[in-house]
Amino acid sequence: MNQKQAPLYEALRTYEATKKESLHVPGHKDGHVFDQEARMHFASILPIDATEVKGLDDLHHPEEAIAAAQQLAAEAFGAEQTFFLVGGTTAGNLAAAFAVCRPGEQILVQRNAHKSVFNGLLLAGAHPVFITPEMETETGAASCLHPSSIRKALQEYPSIRAVWLTNPSYYGMGSDLKNISIICRDAGVPLLVDEAHGAHYGQAETVPESALMCGADLVVQSTHKMLPAMTMASMLHVQGERIDRIRLATVLAMVQSSSPSYPLLASLDLARRYLVQEGRQKLPESIDRLKKAQIELNNCLHSLTIWTGGYGIYSHDPLKWIIRSTRREMTGYQLLEWLEEEGCTAEMADLHNVVLVFALDTDQQTIQRTAGALSRIDRRLTQAEAEQIPVAKNIEDICLPLWMNAGETSIPARPLQEAFHSGHVVVPLDQAIGCCCAEMVIPYPPGIPLLVPGEIITDRHAHTIIQIQESGGYFQGALDSAMKTVKILR
Numbered sequence: 001m002n003q004k005q006a007p008l009y010e011a012l013r014t015y016e017a018t019k020k021e022s023l024h025v026p027g028h029k030d031g032h033v034f035d036q037e038a039r040m041h042f043a044s045i046l047p048i049d050a051t052e053v054k055g056l057d058d059l060h061h062p063e064e065a066i067a068a069a070q071q072l073a074a075e076a077f078g079a080e081q082t083f084f085l086v087g088g089t090t091a092g093n094l095a096a097a098f099a100v101c102r103p104g105e106q107i108l109v110q111r112n113a114h115k116s117v118f119n120g121l122l123l124a125g126a127h128p129v130f131i132t133p134e135m136e137t138e139t140g141a142a143s144c145l146h147p148s149s150i151r152k153a154l155q156e157y158p159s160i161r162a163v164w165l166t167n168p169s170y171y172g173m174g175s176d177l178k179n180i181s182i183i184c185r186d187a188g189v190p191l192l193v194d195e196a197h198g199a200h201y202g203q204a205e206t207v208p209e210s211a212l213m214c215g216a217d218l219v220v221q222s223t224h225k226m227l228p229a230m231t232m233a234s235m236l237h238v239q240g241e242r243i244d245r246i247r248l249a250t251v252l253a254m255v256q257s258s259s260p261s262y263p264l265l266a267s268l269d270l271a272r273r274y275l276v277q278e279g280r281q282k283l284p285e286s287i288d289r290l291k292k293a294q295i296e297l298n299n300c301l302h303s304l305t306i307w308t309g310g311y312g313i314y315s316h317d318p319l320k321w322i323i324r325s326t327r328r329e330m331t332g333y334q335l336l337e338w339l340e341e342e343g344c345t346a347e348m349a350d351l352h353n354v355v356l357v358f359a360l361d362t363d364q365q366t367i368q369r370t371a372g373a374l375s376r377i378d379r380r381l382t383q384a385e386a387e388q389i390p391v392a393k394n395i396e397d398i399c400l401p402l403w404m405n406a407g408e409t410s411i412p413a414r415p416l417q418e419a420f421h422s423g424h425v426v427v428p429l430d431q432a433i434g435c436c437c438a439e440m441v442i443p444y445p446p447g448i449p450l451l452v453p454g455e456i457i458t459d460r461h462a463h464t465i466i467q468i469q470e471s472g473g474y475f476q477g478a479l480d481s482a483m484k485t486v487k488i489l490r
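Here this note's numbering is used: the sequence shown runs in plain steps of one and ends on residue 490.
It is worth saying that the hints were derived from the structure and are not from the lab.
The reader is advised that the hints may include incorrect statements.
[To be verified] Using 25 Å as the maximum straight-line C-alpha spacing, the simulated DSS-like pairs for lysine-lysine come out as follows:
#: 1; residue 1: LYS20; residue 2: LYS54
#: 2; residue 1: LYS115; residue 2: LYS484
#: 3; residue 1: LYS225; residue 2: LYS292
#: 4; residue 1: LYS4; residue 2: LYS20
#: 5; residue 1: LYS29; residue 2: LYS4
#: 6; residue 1: LYS152; residue 2: LYS178
#: 7; residue 1: LYS115; residue 2: LYS54
#: 8; residue 1: LYS282; residue 2: LYS292
#: 9; residue 1: LYS282; residue 2: LYS115
#: 10; residue 1: LYS4; residue 2: LYS282
#: 11; residue 1: LYS4; residue 2: LYS487
#: 12; residue 1: LYS54; residue 2: LYS19
#: 13; residue 1: LYS54; residue 2: LYS4
#: 14; residue 1: LYS225; residue 2: LYS282
#: 15; residue 1: LYS152; residue 2: LYS225
#: 16; residue 1: LYS292; residue 2: LYS4
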């Protein structure tokens, strides 16, 4: 196939050039009816913000430009079939749950999965068996799962219908997917991978292999996260015979809009072309620059450090830097604020770390600005330490409860869907200990649920919630975002 082409983008350009009278939706009529103040900013995109008219194909019944664009993407990413997503990887995860699970069926799920995975399982009525990942000791972050843990879980729960992993993690840490996929194949169950942060994987020798290369059956990628696509633009890839593709396509039409954004779809087409034509060459060059800068910074920083790897980590994304302070009282949330003051907006923070995400094409100027900001913060911290000036509220060296007992499996006290639909009451957090949670409690970012409906709330959960709240973090999913109260089952 000709990877220089961008068939969907080209079809939109043809549509724009015809200048026919728009007697169809959307209501802005190719940009002619729009807010005056904002018209200039939207002028270049509105003429191609079209709908399913002749020549533009239909996402839910692709036969022309969209079909061709998806085929080109499948070839570029090594899939047998690729589906474009306009609802982000969230839409792909929801569809994946429905595609492989029937109500009441068990599925093995990595506990530090994104909330969309749990939402998909809840909607599908599946019964998750949670498996706890390893904890990386230096950062305190959930890291990876060992193949032996997957094998043990499949032996312990022989009725498991599928295995669903997150790889890489939000910190760029990854598992040995190749051996895990062999274990899944031998067990006769499909391997699903949320590869939201790994759309660039497998595209150069200096990045880890992609989940598809490792043998996964279904992979969802947030193309917009690591490749130059517009926000919410993602892809779902499948290969092999263990995924019912007709059922998958049916479910995708259910969870995605019937009026998909054509600019988003076209950005997927263009991101694929950029990757093949330019990105694959620029990626290793960027990684080389970043590695050199990381070494130089770690040699001169005193109060900050950039994580360079840890014991038991199978792979790590070289486009992600995990920054932390060696001062125990300096939280990741505080460090994120200091970076903002220096003109650098980070991807996310937790109690101890800040995560920086670099582009496929990261130039030396970007690296120098980032290094300068980190150096200035480091001097500020070092001076404060010398003068014994506190920089933040003291925090304890804790790790989230879901990261304890690596490799162990657990089942919620009540099934997700049952817990979600059951009656509940709202009680103060300290009175909820020992009770069954009735809502999702999600520190954000990155969006990993600390609690899901049906799990028992422990004193460690409560302690962690307080620590995150007092350190500057916030929560999604819960009725009370301040987490003074929590919903529990009656």
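Results for each hint:
Of the pairs offered as hints, the one joining LYS20 and LYS54 holds, with about 12 Å between alpha carbons and a cut-off of 25 Å not exceeded. At roughly 21 Å between alpha-carbon atoms, LYS115 and LYS484 fall within 25 Å of each other, so this suggested pair holds. A hinted pair counts as satisfied when its Cα atoms are at most 25 Å apart, and LYS225 with LYS292 qualifies at roughly 24 Å. Between LYS4 and LYS20 the alpha-carbon distance is near 28 Å, which puts this suggested pair outside the 25 Å criterion.
Only pairs whose Cα atoms come within 25 Å are accepted, and LYS29 paired with LYS4 is rejected, the gap being roughly 31 Å. A distance of roughly 17 Å separates the Cα atoms of LYS152 and LYS178; the hinted pair therefore holds under the 25 Å criterion. Taking the CA atoms of LYS115 and LYS54, the gap is about 38 Å. The hint is violated against a cut of 25 Å. Only pairs whose Cα atoms come within 25 Å are accepted, and LYS282 paired with LYS292 is accepted, the gap being roughly 16 Å.
Distance check on the hinted pair: LYS282 and LYS115 sit about 33 Å apart at the alpha-carbon level, beyond 25 Å; violated. Only pairs whose Cα atoms come within 25 Å are accepted, and LYS4 paired with LYS282 is accepted, the gap being roughly 17 Å. For the proposed pair LYS4 and LYS487, the alpha carbon gap of about 53 Å is over 25 Å, so the pair is violated. The suggested pairing of LYS54 with LYS19 holds, with an alpha-carbon distance near 14 Å, which does not exceed 25 Å.
Among the hinted pairs, LYS54 with LYS4 is consistent with the structure: their alpha-carbon atoms are about 24 Å apart, no more than 25 Å. With a CA separation close to 17 Å, the supplied pair LYS225 and LYS282 stays within the 25 Å bound. Pair hint LYS152 plus LYS225 does not hold up; C-alpha atoms about 33 Å apart against a cutoff of 25 Å. Our distance criterion of 25 Å between C-alpha atoms is broken by LYS292 and LYS4, whose separation comes to about 33 Å.
Hints 4, 5, 7, 9, 11, 15 and 16, counting from the list given before, are not met by this structure.
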